[in-house]
Amino acid sequence: MSRQLPIVEKLQADLAELRYEFTVELPKVILVAREHGDLSENAEYHAAKERQGFVNARMAQIEQRLRELSLYNWSSIPTDVIGYGSKVDLEDVDSGESVSYSVVFAEEVDTAGGTISMTSPVGQALLNRAEGDEVTIRLPSGTKTYEVLNVVTIHDSTDD
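So our numbering is basically just the index in the sequence shown, starting at one, shifted up by 1482.
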């Protein structure tokens, strides 16, 4: 399977937009601003040059992250334990409260949407766990123990 991870697709799309802005839009803005005369007091020119620097730096960050993410592929993601893309149902052993998470890369985190980063304390504790496992997580509010009730891996949720 040579499919790309969803985060890779998103970052590549972001990079393409930034490259277009950097190579097509910003040169036009800078050219128009230059035509207004004295560059030392030209706010449009300075804003465009500042934006150009920001876009260039952001492109470098995305390219570096894409290199890092190239280490991950569909076959490196576990099929039987919690890993990237897994949807997990947990139950607090003490209170009986249930909680569900999707485990994602940091760029995809949406805590309101129930996603957590693989690098967060909760994400780290859950990685490579299976249904029935008890997981103890150290949180700022104290230590909590959860039972893993259900795991749906990215492979299970994207079967063709």
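Calculated directly from the structure, the hints in this document are not laboratory data. Treat the hints loosely; a few may be bogus.
Per label pair, the in silico range of CB-to-CB distance [unchecked claim]:
hint, residue 1, residue 2, range
1, Glu1523, Leu1609, 52 to 58 Å
2, Ala1529, Pro1622, 38 to 44 Å
3, Ala1495, Gly1519, 34 to 40 Å
4, Gly1596, Glu1507, 18 to 24 Å
5, Val1506, Gln1606, 19 to 25 Å
6, Thr1593, Gln1543, 51 to 57 Å
7, Arg1540, Glu1579, 15 to 21 Å
8, Asp1576, Thr1597, 52 to 58 Å
9, Ala1539, Val1634, 21 to 27 Å
10, Ala1525, Arg1620, 26 to 32 Å
11, Val1634, Ser1522, 29 to 35 Å
12, Ser1602, Asp1520, 14 to 20 Å
13, Ala1594, Ser1522, 43 to 49 Å
C-beta: ideal position from N, C-alpha, C; glycine also.
Evaluated hints:
As the Cβ distance of Glu1523 to Leu1609 is approximately 55 Å, the hint placing it in 52 to 58 Å holds. The hint said 38 to 44 Å for the Cβ distance between Ala1529 and Pro1622, and at roughly 41 Å that hint holds. Range check, Ala1495 to Gly1519: Cβ separation about 38 Å, and the 34 to 40 Å hint holds. Distance hint check: the CB atoms of Gly1596 and Glu1507 are about 36 Å apart, inconsistent with the given range 18 to 24 Å.
For Val1506 paired with Gln1606, a C-beta distance near 42 Å fails the hint of 19 to 25 Å. A hinted range of 51 to 57 Å for the beta carbons of Thr1593 and Gln1543 is inconsistent with their spacing of about 22 Å. A hinted range of 15 to 21 Å for the beta carbons of Arg1540 and Glu1579 is inconsistent with their spacing of about 40 Å. Look at Asp1576 against Thr1597: about 24 Å separates their beta carbons, and that is not inside 52 to 58 Å.
A hinted range of 21 to 27 Å is violated for the C-beta pair Ala1539 and Val1634, which are about 38 Å apart. Distance hint check for Ala1525 and Arg1620: the Cβ-Cβ separation is about 50 Å, which falls outside the suggested range of 26 to 32 Å. Roughly 60 Å separates the CB atoms of Val1634 and Ser1522, a value that falls outside the hinted 29 to 35 Å. Between Ser1602 and Asp1520 the CB atoms are about 51 Å apart, so this pair departs from the stated range of 14 to 20 Å.
Evaluation of the 43 to 49 Å hint for Ala1594 and Ser1522 yields a pass: the beta carbon distance comes to about 46 Å.
Hint violations for this structure: numbers 4, 5, 6, 7, 8, 9, 10, 11, 12, all remaining hints satisfied.
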